[in-house]
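**Student:** Sequence:
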Amino acid sequence: MRLLTLYVLRHIAAIFAFSIAALCTIFIVVNLIENLDDFLDTHTPAAVIAEYYVLFLPEMLKYLAPVATLLAILFGIGRLTQRHEVTAMKASGMGLRQLAAPVLVSTAILSSLQLLFNGWLVPKANQRKIAIERRYLQRSPSGAFFNLAFRDSPTRLVLLQRYEPEEQRAYGVAIEEYTGQLAPRWSHRLEAPVMAWDSLLQRWHLREVTVRSYGPLPTVHTLPETTLALRLRHETIVRLQRSPAEMTLPELHRYVEELAAGGQDVRTLQVTYFSEYALPFAHFIVALLAIPLASMYRRAGLAAQFGTAAVLTFTYLVFARISQTLGVVLMMPPLLAGWFANLVFFLIGCGILWRTRT
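Numbering (my numbering), first residue to last: 7 to 364.
What the hints contain is simulated information worked out from the structure, not anything from laboratory work. Worth double-checking, as some hints may not be accurate.
Okay, derived cross-link-like pairs now, DMTMM-like style, lysine to aspartate or glutamate, Cα gap no bigger than 20 Å in a straight line [what the hints assert, rightly or not]:
no. : residue 1 : residue 2
1   : Lys130    : Glu241
2   : Lys130    : Glu252
3   : Lys130    : Asp44
4   : Lys130    : Glu197
5   : Lys130    : Asp204
Could you put the whole structure together from the sequences, leaning on the hints where they help?
**Tutor:** In structure tokens form, the structure reads like this:
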């Protein structure tokens, strides 16, 4: 039984490796054709182009590896079925569920490894890849940030109309202090047209400051300049310039918390965060769908089996995207919205596997 299991897994692994290589090659060729004019216009060195596509490989694997798993199981088990090897295995006492178990365990392990790969290695590669895109493909982010709000402490709110990262300056600044959290009332409000970050002192320098106090006798006074030590730092604001694709899972979690602390609507980002945990387990889901379909001998052959499983897998991916959108619109818990497609298709896959003749 152990030899049969290893034989099946080696057969699937070989097709998986070939599928990964073929899919990545096709993707690189198509992407290179799309970007070649931009690379030539900016006189990009060949070494940089080569580095760009090496750095692109992790992101390709993030999305193409589940497709390779689907192809490997369909053609691996499908070919064994057409050569009647699965029938021989069943005759020796190895049922479909016994055949499926090591494959599902292997895809579960692969999913766990892909979670680490997607959550930590892919963002690191994306940081350098996106830097190349910004320099050579003119895909620069907008420089300034507008209408920012940060909760610097439980009783302090920092409001910025505009922030220029290159200048390290904020414009239209208001800092509001409150008396407490349970029954908050304005204590005082500080306003300044400009606030600059001092990288040596690690403090903010404000000019032409107006301070409004809201005690029993409200007062207003001005200061030519002042220096403040806030929890808010230049680096915190600069992190807003990075896309979620450049952040590891812990960094994305902190990013969401920082935006939430500033009063921003982070539901979409929260769903994205939990979806990043769910995506790697597409390996397990497509395996659950593909194994019973590939093990059934049909006169139509592998084409019909591939078409059926491809439709199911495409439906799974589309449903995953729709469930994320609906999770935001319908105010579903972000954890449920991120994992909803996996839960639904896990049940569908279990049903198909259970109903398939062993």
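**Student:** Evaluate each hint against the coordinates.
**Tutor:** Right, here's what the structure says about each hint:
The straight-line distance between the Cα atoms of Lys130 and Glu241 is roughly 18 Å, inside the 20 Å bound, and the hint therefore holds. Annotation: proposed proximity of Lys130 to Glu252 holds, straight-line Cα distance about 7 Å (limit 20 Å). Distance check on the hinted pair: Lys130 and Asp44 sit about 24 Å apart at the alpha-carbon level, beyond 20 Å; violated. Between Lys130 and Glu197 the alpha-carbon distance is near 39 Å, which puts this suggested pair outside the 20 Å criterion.
At roughly 29 Å between alpha-carbon atoms, Lys130 and Asp204 are farther apart than 20 Å, so this suggested pair is violated.
Violation of the numbered hints given earlier is confined to hints 3, 4 and 5; the remaining hints are satisfied by the structure.
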